[in-house]
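Since each chain sits alone in its own frame, please combine them into the complex, following the hints.
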Amino acid sequence: MRGQRPTPRTPRTRVRGATIAAFVALAPLLPAAAVALGTLKVDAALPYVCTLPSGGQPVTVRISAAFPERADVGEEIVPTDVTTTVELPAAALADLTALKAATVRPETRLAVGVAQGEQRAEATWSGTGQPVAVPAEGPLVLTTTGDVPSLTTDTAGELTLTAGGFTVDLALSTADGAATDPASLSVACVPGQDAEGRTVLARVPVGAEATPTAPATPPASPSSPSSSAAPSPSAPVTGLPLPSFSTGRPDRTVPARPGTPDGTAGGTPEGPRVGPLEEGDPADGETPATPPPRPDAPDCITRKPTPASLSAYVTGYSNVRKLNGAAFLPPFCMLIEQGDMIMNPSPPPDEFQFSNLSPAKLYDKGRTRTPPFTSTFLAFGFQPVRATMVLEQAGPISVHTFVRTVFPAFDSYLTNTVRAPLVLHVLEADVNGVKLDVGRSCRTTTPLTSREPDPATYPGDHMVLLGLGMMKFGQEAEGYILTGGGPLTGEVTIPAFKGCGANGESLDRLFTAAISGPGNHVKQIQGQTCGVLTPPDPLNPKCTDDGQPYVVPEAER
Amino acid sequence: MQKTLRNLAVVAGGASAAFALAVSPASAVASTVWTVTPSPANFSAVNSGNIVLTVNGLAMTCTKSTAGGTMQSATGNPATVGSITSMAFGASGAPCTSVLGPVSAVPTLPWAVKVFDYTAATGVSKGYIDNVDATVSVGACTFRVTGKASGTYTNSSGTLAVNSTAGELTVVSASGCGTAVPVGAKPTFKGNYLVKVTGTTTIPKIVGSNP
Numbered sequence: 001m002r003g004q005r006p007t008p009r010t011p012r013t014r015v016r017g018a019t020i021a022a023f024v025a026l027a028p029l030l031p032a033a034a035v036a037l038g039t040l041k042v043d044a045a046l047p048y049v050c051t052l053p054s055g056g057q058p059v060t061v062r063i064s065a066a067f068p069e070r071a072d073v074g075e076e077i078v079p080t081d082v083t084t085t086v087e088l089p090a091a092a093l094a095d096l097t098a099l100k101a102a103t104v105r106p107e108t109r110l111a112v113g114v115a116q117g118e119q120r121a122e123a124t125w126s127g128t129g130q131p132v133a134v135p136a137e138g139p140l141v142l143t144t145t146g147d148v149p150s151l152t153t154d155t156a157g158e159l160t161l162t163a164g165g166f167t168v169d170l171a172l173s174t175a176d177g178a179a180t181d182p183a184s185l186s187v188a189c190v191p192g193q194d195a196e197g198r199t200v201l202a203r204v205p206v207g208a209e210a211t212p213t214a215p216a217t218p219p220a221s222p223s224s225p226s227s228s229a230a231p232s233p234s235a236p237v238t239g240l241p242l243p244s245f246s247t248g249r250p251d252r253t254v255p256a257r258p259g260t261p262d263g264t265a266g267g268t269p270e271g272p273r274v275g276p277l278e279e280g281d282p283a284d285g286e287t288p289a290t291p292p293p294r295p296d297a298p299d300c301i302t303r304k305p306t307p308a309s310l311s312a313y314v315t316g317y318s319n320v321r322k323l324n325g326a327a328f329l330p331p332f333c334m335l336i337e338q339g340d341m342i343m344n345p346s347p348p349p350d351e352f353q354f355s356n357l358s359p360a361k362l363y364d365k366g367r368t369r370t371p372p373f374t375s376t377f378l379a380f381g382f383q384p385v386r387a388t389m390v391l392e393q394a395g396p397i398s399v400h401t402f403v404r405t406v407f408p409a410f411d412s413y414l415t416n417t418v419r420a421p422l423v424l425h426v427l428e429a430d431v432n433g434v435k436l437d438v439g440r441s442c443r444t445t446t447p448l449t450s451r452e453p454d455p456a457t458y459p460g461d462h463m464v465l466l467g468l469g470m471m472k473f474g475q476e477a478e479g480y481i482l483t484g485g486g487p488l489t490g491e492v493t494i495p496a497f498k499g500c501g502a503n504g505e506s507l508d509r510l511f512t513a514a515i516s517g518p519g520n521h522v523k524q525i526q527g528q529t530c531g532v533l534t535p536p537d538p539l540n541p542k543c544t545d546d547g548q549p550y551v552v553p554e555a556e557r
Numbered sequence: 001m002q003k004t005l006r007n008l009a010v011v012a013g014g015a016s017a018a019f020a021l022a023v024s025p026a027s028a029v030a031s032t033v034w035t036v037t038p039s040p041a042n043f044s045a046v047n048s049g050n051i052v053l054t055v056n057g058l059a060m061t062c063t064k065s066t067a068g069g070t071m072q073s074a075t076g077n078p079a080t081v082g083s084i085t086s087m088a089f090g091a092s093g094a095p096c097t098s099v100l101g102p103v104s105a106v107p108t109l110p111w112a113v114k115v116f117d118y119t120a121a122t123g124v125s126k127g128y129i130d131n132v133d134a135t136v137s138v139g140a141c142t143f144r145v146t147g148k149a150s151g152t153y154t155n156s157s158g159t160l161a162v163n164s165t166a167g168e169l170t171v172v173s174a175s176g177c178g179t180a181v182p183v184g185a186k187p188t189f190k191g192n193y194l195v196k197v198t199g200t201t202t203i204p205k206i207v208g209s210n211p
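Order-wise, the sequence lines are chains A and B.
Numbering (this note's numbering) for the first sequence: 1 to 557.
Numbering (this note's numbering) for the second sequence: 1 to 211.
Chain B with its partners taken away, still in its complex shape (with noise of 0.2 angstroms):
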């Protein structure tokens, strides 16, 4: 366990270094205005490429996944410019799969989508989906991962692209998991999604200023 604790820290030790060199310097002054067009809009997402979550170093992979809520405009650092009222992980005849077996994740919703940061020159607001919980089973194993999931949206695509750090996210309870899904490890939730306007192909935008 120490090594496999020790090869995950050098993973993520790796990433967090090469996105350091990365990051441009914070904007000057945050914003706290969030323009969300259309506001208020009823908005459906759909995956684009596959939707992991991996749980020490056990990999579970939905091919198809899809989201649903209202996005508004809002003030506030951060502010909630969204808010998911339905997610689904897998589809009828596409379950999410591990090497566990085919992976059930029942969300508790709503959770909330929030943003801190928006550059202008590329459109990209960054921020976090805010109250994760969703009750994870495989088999005879069955946990609950709370907490939240770091990522950005980009104006141009619509692409909402959660990217969550080690600790965001926590399995606060386990059953049936032994060893590998303890109570207290931290899983990430990895994937895009392709965001729409509900029933049209308008991509909504996330504008954030300080005037």
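The following block holds chain A by itself, in its conformation from the complex (with noise of 0.2 angstroms):
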């Protein structure tokens, strides 16, 4: 499992509903399983990030299963001898024995995404583990084994399997065998960045005319036959490409639909299908759509998530008034830590009111500042200027939100301030074509500012951006909300520059004629925030593989 490139940005997640509806239906038609030829061993370590009640912690998540080498079109692929292994850190363990627990039986689910061209299903991987006694001292180790879902498929071409998504259900015990309270924690886990090009599990060929693409790495060989042996290391296969998301061709799941009468798949091609582990007839309503390619967006990395983190892209229109302008920001990166829910003790009557204070970055390559973007303006109305800017943070960033449940409706409000001291920071201009040595310091003396709603909470120079939501109750949420998303405003002052100009020619004069003044309309838009260690949302993903925003927003005017 090693030596893989690095995996392309797709939604964490996929959805599987109606293609495993269909089988369902069709699966008593397939013909019987032909014997393979050979069988793949699959024996895969690999990094993953849970989410504990103490924090994210870093997790050793084995999984061994066996496949066949190939596989005819519509042949049912079953994966066996399915085991997952997951090491929880020593640090994990305080976390066990605060509840009390002296034993935990485990319950695993892995979620494997199953791709074949631009096809895609995902099956869930469970399994189930003997009770066992927490350790002293750590790691955990817990083994869990399980039937897993069947696969079919009536196109030829190459079956990948990928790892994703982990969760570990813990029953736990005390000591005298009694249930703790909560008498279960379940633990949900992702790929680490580690993982990142490694979780590919197997790729099985299918169709006489399969011709697996050369590996980038040496694959494994398939064991013999008839080999029941144990699990080789290095068997799986490895090195292929995986599906390209960048061709901006919608990726799409395509829902099978039930065969013939004659036991065969009608239609078109439908691609892969997860089959059931048991006769059961899933909703077929679950929407098979595999949302389209992310757009291009700059890197939006948390380095060391916690289970508060969020990430978010933010684009959107600064006015320029004495320029008469706009100013584009392309989508850039903010790192949100979402501070905790706080209840007010004492709300207005009928109300019930709560807040939170998030502190936040902008994040640019490692650096506290937007990506740098160019703008035109018409300096004194005549004269063309571009300038190549950026915004450099200050100070922290904070995002407050409070939140109004007015009974007996149950209706709520919410007010989100965002407060950012930000210098603006001009790189480069150019006036009527005629490059301007601005200097390397040619920036406002101080940072941006806005009209303070509260200057005693928060002291200092800094830009105020109001987000307004509300949600009558039993109806969607409408407007800015911190982790969906919406429009951001606010007027900003720029301050005058200094520092700009080079050889001993201050600039400084004119950049603060032409630019600096009150009366700035700034509209940002934030895209849905990717809550880099939450669950993935199997319906609406929020992050990609390498927990970056899925959402890049577009600005509005």
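To be clear, the hints were calculated from the coordinates, so they are not data collected in a lab.
Hints are not guaranteed to be accurate.
No farther apart than 30 angstroms at their CA atoms in a straight line, the calculated lysine-lysine pairs in the BS3-like style are these [to be verified]:
{"id": "1", "chain 1": "A", "residue 1": "K100", "chain 2": "B", "residue 2": "K186"}
{"id": "2", "chain 1": "B", "residue 1": "K190", "chain 2": "A", "residue 2": "K472"}
{"id": "3", "chain 1": "B", "residue 1": "K186", "chain 2": "B", "residue 2": "K148"}
{"id": "4", "chain 1": "B", "residue 1": "K148", "chain 2": "B", "residue 2": "K190"}
Written out as structure tokens, the structure is:
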């Protein structure tokens, strides 16, 4: 499982509902599985990050399974000997001992993405394990086994199985055998950054014409046809390219349809399907569509995520009133640590209130600033000026969220206030096509400022953006919501410039005269946040595989 | 917080009083034989109206939700006449929402559909969804809800009306939610689903009897 190329950014999760439902109907009609020519053993140790009550912890998840070396079109592919071992580090034991847990009984669920060309499906590999005593000192090793869904496809081509989100549920018991309070702990895990490119579990060629692409690293040799030997650590085939998501073409999961009465799948080839473990009929209402690829956007990676880590892209326009124009800020990254929600102990009558204060920072390749952006204006109404600038963070950014729920209607209203001390730094400028040497330190003397509604609590120079949201009870939320994004607006004053110019020629007064002043309207659109360590949403992915925001907003005027 | 709880209690108390006035006496003889038609059958359900999960006054609304599973005749009281093996809250492009942000609710299945009372005159079965277990995430706030949710099933319309009462569901773990969603909070789950035999327009029927 080494040497994979970097995993393309993909939605972190897939959906499967309709495909499963269709398979249920089709399964009895499918021919019995042919005898596999050989067996492909998989044994992968993957780094995950698991969300424990005390925070994120690096965890190793070992997955072993056996697959047929290849399969025919329509042939059922049954992964066998599936064993999952999770090694919780010593630091995680405190979370268990805090609950007075003496033994734990694990149940695991591993999301396995199944891909064939552009077709997608998802399987859940569930496993159960025997009770294990909580050791005095770590690590705690938990092993589960279980039957997993079979796979089938009516299309020739290589089938790729990729490990995704992993959850381990721990049933906890005290030393005297009683259940703890709470009686269980559910630990959600996502592949760690080090897992990038290593999560492909197996590639199974399907169909006579299926010819595996030459792997980047030597593929493992399948074991002999009848071999039931122990798993080989190097067995899984690796190195084949994952489906590309950078073509701009929608990546869709095509729902499978019930087979025709003669036992064959009707209509167009439908790609991979995940079979049931047992008779049952899941809903067919889940949407099979996989969201389109994410638009290009700068890196937005939270290096040391905590359970409260959120990240989001922001983009928009900032007017420069004196220049009668607007600067477009392309999507930039904001990293947020969501603050605890604190209830107001003394709200007004018939109201429920809470607030949270979330620190944030800009992120651009390790710097706390926006990426450079270039705008063109007409200075003094006639002189074309093109400037490349960045907004640099001069202090902590905060997002204050205040929520009111009003009884008896239970309607909720929220006010979000973003406070950001940002200095405008002019990197380059040209006037009428002639480059102006602005020097290396052409900045506003102080951060951009706004009228601060609560200067006693929030002193200092900073800009203030406001985002309002509301939600009528039982209806959808509207407006700006911290984790959902939305429009943030404000009005800023651009301070005077200093440090502009070179070779003894100061351009400070020129920039100040042309740009500085009050009344500059700002409208920024924040995208939905990515909860870096929160459980993935199978229907609406919030994060890419590598933990970056999936939603890149578009600027609005 | 005291005031909030008192307000909530007032609302719940009012509802209980109205409910008590409207409720008919329980059947003289409880049903022990439950005939599902067709049986066994796979069913699919789609929400009718919004589905709302409420915790501490915070509402999380899903405009789209689906469920599916199996139904079969059963005996006993309560009797398990159905198993929900798939459940989706929200849909691609239409997540559940809240004032805290888009909501992701991932159920741990299966859930059981249990019935305990049948009124022949109306064709309505009373029961509950048991083994409810879901992990709900809003931004960095993640909590797990377990328990059961009361509801009714109406044969004429195929409506599974979920209307849990306070105390049936409990937040058993929470992370990043502060005091807004503490462990031990009692969420409610309300909403209607229209049930059909999968792939058909047939509405399944549940009839209770005591032969």
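Inset, instruction - For the pair we were handed, K190 of chain B and K472 of chain A, check the Cα-Cα distance against 30 angstroms. - result: holds, 16 angstroms
Legend entry - 30 angstroms limit on alpha-carbon distance, applied to hinted pair K100 of chain A and K186 of chain B: holds, 24 angstroms
Legend entry - Pair hint outcome, K186 of chain B versus K148 of chain B [Cα-Cα no greater than 30 angstroms]: holds, 11 angstroms
Inset, instruction - Measure nothing beyond the straight line between the CA atoms of K148 of chain B and K190 of chain B; if it is 30 angstroms or shorter, mark the hint as holding. - result: holds, 12 angstroms
Comparing the model with each numbered hint stated earlier shows that all of them hold.
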